[in-house]
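> What follows is each chain in one-letter form.
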Amino acid sequence: DTGVSQNPRHKITKRGQNVTFRCDPISEHNRLYWYRQTLGQGPEFLTYFQNEAQLEKSRLLSDRFSAERPKGSFSTLEIQRTEQGDSAMYLCASSLLSGSTNEKLFFGSGTQLSVL
Amino acid sequence: AQTVTQSQPEMSVQEAETVTLSCTYDTSESDYYLFWYKQPPSRQMILVIRQEAYKQQNATENRFSVNFQKAAKSFSLKISDSQLGDAAMYFCAYRSTGTASKLTFGTGTRLQVTL
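Chains as they are written, first to last, in this note's numbering: chain A, 893 to 1008; chain B, -1 to 113.
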């Protein structure tokens, strides 16, 4: 168990460029979440997957954002035409939902995005 | 919509002493979960403690305990015998039951631990 892995750790991009982040959850975890954390704030929920199905998206997730989890394992979060307001830390978390409601999230160390 | 408020941006405690971090929340739901997460400089959110709203007994995890006051919608975290490794941002979070872990977080409290 190597924990939740996120890459890259830091990303600096120019406004208007596209960026993609990757999250590798803990092996066999069937749920995967994306959160966004801006400076001085707590994380905010963006979207989540159960296996490969994206089950919910927050209103925060504009149409410039797209997330995938093609084989129910790793996930990618893409932001098209980045804006300065997209600058934040993007956190990924995974969990193993096994029938009980005692779901425990395991977070990665995030990808810090800076849009210049 | 639920809201979570942490009114203490920063707190300081001496090593081996006890500190209490405050959290209040607003909800119209009767059953839910509350959490405290720790975020050290490594940025990884780590679950400290969890409380189910239907349980009257306050949760405890070693040196960490909560004071859950459902009527007052208050959920404070007490850290006993503080250690240097406890220094971090602490976030209070809320989650509705019957849904995925769509957590609503507060703005956090930065805890400093001094010698």
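Since the hints were made in silico from the structure, they are not lab data. A few of these clues could be false.
Said to hold, decoys possible - Pairs of lysine to aspartate or glutamate residues, derived as DMTMM-like cross-links and limited to a Cα-Cα distance of at most 25 Å, are as follows:
| # | chain 1 | residue 1 | chain 2 | residue 2 |
| --- | --- | --- | --- | --- |
| 1 | B | Lys100 | B | Glu15 |
| 2 | B | Lys76 | A | Glu944 |
| 3 | B | Lys100 | B | Asp79 |
| 4 | B | Lys53 | B | Glu8 |
| 5 | B | Lys76 | A | Glu970 |
| 6 | B | Lys100 | A | Glu995 |
| 7 | A | Lys996 | B | Asp29 |
| 8 | B | Lys53 | A | Glu944 |
> So, for every hint listed, does it hold in this structure?
Checked hints:
1. Restraint check for Lys100 (chain B) and Glu15 (chain B): the C-alpha separation of about 34 Å exceeds 25 Å, so the hint is violated.
2. Only pairs whose Cα atoms come within 25 Å are accepted, and Lys76 (chain B) paired with Glu944 (chain A) is rejected, the gap being roughly 39 Å.
3. For the hint linking Lys100 (chain B) to Asp79 (chain B), the alpha-carbon distance of about 32 Å lies beyond 25 Å, and the restraint is violated.
4. Of the supplied pair hints, the one linking Lys53 (chain B) and Glu8 (chain B) is violated, its CA atoms being roughly 29 Å apart against a limit of 25 Å.
5. A distance of roughly 39 Å separates the Cα atoms of Lys76 (chain B) and Glu970 (chain A); the hinted pair therefore is violated under the 25 Å criterion.
6. A distance of roughly 11 Å separates the Cα atoms of Lys100 (chain B) and Glu995 (chain A); the hinted pair therefore holds under the 25 Å criterion.
7. The suggested pairing of Lys996 (chain A) with Asp29 (chain B) holds, with an alpha-carbon distance near 18 Å, which does not exceed 25 Å.
8. Taken as a hint, the Lys53 (chain B) and Glu944 (chain A) pair is broken in the structure, with Cα atoms around 34 Å apart against an allowance of 25 Å.
The structure is inconsistent with the numbered hints 1, 2, 3, 4, 5 and 8, although it conforms to all the rest.
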